[in-house]
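Trainee: Heads up: the protein sequence lines correspond to chains A and B, in order.
3 is the number of the first residue of the first sequence in our numbering; add one for each residue after it.
35 is the number of the first residue of the second sequence in our numbering; add one for each residue after it.
Please keep in mind that the hints were generated in silico from the structure rather than gathered at the bench.
From a predicted model like this one, the values you see are computed outputs, not experimental measurements.
Treat the hints with caution; some may be incorrect.
Stated by the list, open to error - What follows is a list of derived Cβ distance ranges for each label pair: (1) A/Ala125 <-> B/Ile175: 26 to 34 Å; (2) B/Ile175 <-> A/Leu23: 17 to 25 Å; (3) A/Glu61 <-> B/Leu314: 48 to 56 Å; (4) A/Thr126 <-> B/Leu305: 42 to 50 Å; (5) B/Asn212 <-> A/Gly103: 26 to 34 Å; (6) A/Leu71 <-> B/Leu168: 24 to 32 Å; (7) B/Leu305 <-> A/Leu159: 37 to 45 Å; (8) B/Leu314 <-> A/Leu15: 50 to 58 Å.
To be verified - Partial pick of chain B residues on the chain A-facing surface, computed with a CB cut under 8 Å: (9) Leu61; (10) Pro120; (11) Phe156; (12) Val158; (13) Leu297; (14) Ala301.
Each residue gets a CB set at the ideal place from its N, CA and C atoms; glycine is no exception.
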Amino acid sequence: MVREGKVARAGALLVTAFTYLFLYVPIIVLLVFSFNSERFPSPWTQFSLKWYKELLHSEDLWQSFRNSLVVAGSATLISLVSGICLIFYASQGGRIKRFLGMFYGNLLIPETVLAVSMLTLFATLKIPLGITTLILAHTVLGLGFVIPIVYARYRELDPHLTEASLDLGATPIQSFFKVTLPMLRPTMITTSLLVFIISFDDFILSYFVAGSSAQTLSLYILSMIRSGVSPVVNALSSILLVLSSLLVFIYFSFQTRVRIVP
Amino acid sequence: MRASLKSEKPFAIGLPALVWQALFFYLPLALVFVSSFIRLSNEGKFQGFTLSHIATFLNLIYFKVIGASLLLALSNALLCFLVAFPLAYFLAFIAKGARNILLFLLIVPFWTNFLLHVYAWFYVLERHGIVNTLLQKIGLIETPIHFLNSTFATMIMMVYYYLPFMVLPIFSALESFNFSLIEASLDLGASWNSTFRRILLPLTRKGIIAGFFLVFIPSFGEFAIPELMGGERHAFVGTVVSQYILGEGTGSLGSAFTLLSALCLIAAAMLLYRLINFLLIPRMRRG
Numbered sequence: 003m004v005r006e007g008k009v010a011r012a013g014a015l016l017v018t019a020f021t022y023l024f025l026y027v028p029i030i031v032l033l034v035f036s037f038n039s040e041r042f043p044s045p046w047t048q049f050s051l052k053w054y055k056e057l058l059h060s061e062d063l064w065q066s067f068r069n070s071l072v073v074a075g076s077a078t079l080i081s082l083v084s085g086i087c088l089i090f091y092a093s094q095g096g097r098i099k100r101f102l103g104m105f106y107g108n109l110l111i112p113e114t115v116l117a118v119s120m121l122t123l124f125a126t127l128k129i130p131l132g133i134t135t136l137i138l139a140h141t142v143l144g145l146g147f148v149i150p151i152v153y154a155r156y157r158e159l160d161p162h163l164t165e166a167s168l169d170l171g172a173t174p175i176q177s178f179f180k181v182t183l184p185m186l187r188p189t190m191i192t193t194s195l196l197v198f199i200i201s202f203d204d205f206i207l208s209y210f211v212a213g214s215s216a217q218t219l220s221l222y223i224l225s226m227i228r229s230g231v232s233p234v235v236n237a238l239s240s241i242l243l244v245l246s247s248l249l250v251f252i253y254f255s256f257q258t259r260v261r262i263v264p
Numbered sequence: 035m036r037a038s039l040k041s042e043k044p045f046a047i048g049l050p051a052l053v054w055q056a057l058f059f060y061l062p063l064a065l066v067f068v069s070s071f072i073r074l075s076n077e078g079k080f081q082g083f084t085l086s087h088i089a090t091f092l093n094l095i096y097f098k099v100i101g102a103s104l105l106l107a108l109s110n111a112l113l114c115f116l117v118a119f120p121l122a123y124f125l126a127f128i129a130k131g132a133r134n135i136l137l138f139l140l141i142v143p144f145w146t147n148f149l150l151h152v153y154a155w156f157y158v159l160e161r162h163g164i165v166n167t168l169l170q171k172i173g174l175i176e177t178p179i180h181f182l183n184s185t186f187a188t189m190i191m192m193v194y195y196y197l198p199f200m201v202l203p204i205f206s207a208l209e210s211f212n213f214s215l216i217e218a219s220l221d222l223g224a225s226w227n228s229t230f231r232r233i234l235l236p237l238t239r240k241g242i243i244a245g246f247f248l249v250f251i252p253s254f255g256e257f258a259i260p261e262l263m264g265g266e267r268h269a270f271v272g273t274v275v276s277q278y279i280l281g282e283g284t285g286s287l288g289s290a291f292t293l294l295s296a297l298c299l300i301a302a303a304m305l306l307y308r309l310i311n312f313l314l315i316p317r318m319r320r321g
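Just chain B, with the same shape it has in the complex (with noise of 0.2 Å):
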């Protein structure tokens, strides 16, 4: 039987998605190192090596950009952690019965289109929408305020839409932590903030720093949502990236700075994780 099993290898029925990857994941991703470091003809012929694109945003103003979405990104994934745990956390042991219900209406909204959601937000923030209205009512203020186009706006949605890859995530890993954990830790005499601080965020950690990336990386070449919700008042990576790539003849400034900021990312996103782990691993106190 194992004989047979390994004298067939049709290598080829594996190959098509190998392939897939290589021609549209791989190639690509070479073209945009590459494209960063040759300079072209107007008509598109290869005029020898150059190191002008990537100087071009050796510049403060540039580094700022990326800073931005740095900055960005961070606050998206420490809010989305601030409302993310406690809302596993009753998912997971508190909620019971309305568990799948509430798991439900939580995935409804993230798998609707998420320009709609931008456009809801409009309803409600907006001059005459209904929170300056109900503020109005109640006689908070008097005259409207103006929520959109600026920063708040920009982070409810991200953290609107950015909520369930945190949720999800720290969810599955409560779902598996022992809860009699917490209880033995309570027991033994040990209080609520130190069973907290070294019993369940430390042996919940995989799910903390999985939701934490997949919130903190995608955010940071998010552009929709801040054009849409904060105007045009700041700039952030993806914006600049998507003036270079789709104006005329910019392509290669584009997958420069493309480069240079997807390697400021891998740096950022190293130094987090060991500053996560460093967090939330408790350390042995002496004595």
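So here's chain A without its partners, still in its complex pose (with noise of 0.2 Å):
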């Protein structure tokens, strides 16, 4: 029986090993093939940079890039303020505990249908599509993450904490904006964080939603991959692995915060 728990944890070992193969090699070889002066399938040949110059030099790709940013920012402030203006609200006495419910399909539904039932409002509407409706369409992805994680930390909160500057003179207002808010900002930073990557790598939304006239970073790519294999595909691969390793770096660094302040 010991020898069996052995196995278990080989086995477990294994797999994680294969996985993380699995998961990396691929980013590998386009990093690797990113700085490779010819293209793709020709073997390495000599380092160049010149992939990367020529991503400069693409006017479409900083316009969807925008885009992108503008959205995904955006999405994440308007949930987010929107957010913890109901969690403001639940702080002055109100109950908000009925309405959490109406939050959970947001994540719960597959996003075609979302994406699907998006449209047809807008088009019922006549709402031009575009970036207006991407950022309309975004937010409501970003209020099902909102909402869920920022009250479930309102809930833990020690309330002798808001109680004890009540009772100090503090006033139910400034209570929520000296006691509970800084409480709450680890949170904050990490679903915004959250939110926003959602929302700039999203692409089911975009591709029912923006329309023609706004093209976002995914809808760009996405016209890329279909018109070939391309370096510099792999160059603007290397730069966006590189930032979302900067933001996941900065969202676990808030989260070991979280988890040792109780």
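Using the hints, put the two standalone chains together into the complex.
Mentor: So this is what it looks like as structure tokens:
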């Protein structure tokens, strides 16, 4: 029976090792070929930065990159601010528990269904597709993360701290801004990062509600992939990988702080 | 103090989130439902109720499409589980100091645009990709294998993208699982298999179920991965829906098919929920 436990450990180790190979071999190949002077499938010839230079000069790419930044930034901001307003209402004695169930559906239904229903709404109301509809749609996705996560953290806070501040003469509003909100800050930051990256990388919603005028980065990448293999995409991948590693790193540093401070 | 807390209830300030949710989540869903049952003129004028949109799809071909999506989602969820459970077990109980870096490495690809990963797999699986080159160098094969445009390539990409959705809930269930329960069970003479079956799996059931549905439900609507990796050989729900919804004047057909497939998804999810619970909860042995 001790031997069986060892078999389980060895099995888990093996699966883990293979999974990380599976996750990283494609990425490493992609990165290596972004520095190759020749186009794929020619083998490695010479180190070169020419695909990165070409990337810098691609006007369409930067336009779609800016669009994605605007959409993700706005969706994050709107969902975070309106989420915090709802928590503020709760902190002033409002009972929001009955409304919470409303927000779980956002993540439970397949994104394709969400996208189809959004598009039906915009078509019915004759709202022209573009940046605005992208922001409207991505904010719904954002609310599905912000409200459940921030509210769960809010419930975990020690109510004695708020009571103490009230006893010491703070008004309920002061107590929210000086006690509750600072304690929620790490969760607010990590959730914002999560919403931002989900919106920034989103494909399905954007595919349906972007229309032809506003291209997001995902849609641009799709059109590049459809037109065949190009080392410029490799160069773009390595830049985006660096960016997302940075965001994950920030996310992790806040997550551990949340765990350390009870 | 209490009294002053209850006297001010600025409900208006809580409203934006609720209004947004009602306008852009519930209203659109209601619209899809309604437009599956109404007839519109070319100018978009209401012309009465009809069941003909739904009836269009009560056809074996379309149920095969729904079936294909259910099968895709189910096999993806099962494959992810088979990989994710040992991985989460490793992260929770064995990794120790390496745990944070491994979690970090798991999340980074997950937070990078998935289309770039689709693209990366082209490099690996292509005719002149590294797998073919490697196999030819070793001498296992002489002509390159066509990996792309196959169910195999689709499944690789599906598991690649959805794996973290399964690993993270199982990992957090295992993290809060008390490992000494396993030791106790082994000390009391249970075999490793029955400890796994009767202690570990049932007690981490919530994480497994959460992970299963986090993979199963979005995979059902997936159309980009099957189309890019699998070619246009099989039609899935997402493909059909996007063709109707984005086509000219076929919006209500698209709504009707969305409604029909969503109903099938709900039915399948409820069945699977009961089945998984049945499989994971140990039954008393008599005698």
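Trainee: If a hint holds in the structure, say so; if it doesn't, say that too.
Mentor: Now for the hints, and whether the structure bears them out:
no. : hint                              : in the structure
1   : A/Ala125 <-> B/Ile175: 26 to 34 Å : violated (51 Å)
2   : B/Ile175 <-> A/Leu23: 17 to 25 Å  : holds (21 Å)
3   : A/Glu61 <-> B/Leu314: 48 to 56 Å  : holds (54 Å)
4   : A/Thr126 <-> B/Leu305: 42 to 50 Å : violated (34 Å)
5   : B/Asn212 <-> A/Gly103: 26 to 34 Å : holds (31 Å)
6   : A/Leu71 <-> B/Leu168: 24 to 32 Å  : violated (39 Å)
7   : B/Leu305 <-> A/Leu159: 37 to 45 Å : holds (40 Å)
8   : B/Leu314 <-> A/Leu15: 50 to 58 Å  : violated (24 Å)
9   : Leu61                             : holds (6 Å)
10  : Pro120                            : holds (4 Å)
11  : Phe156                            : holds (6 Å)
12  : Val158                            : holds (5 Å)
13  : Leu297                            : violated (11 Å)
14  : Ala301                            : violated (14 Å)
The structure is inconsistent with the numbered hints 1, 4, 6, 8, 13, 14, although it conforms to all the rest.
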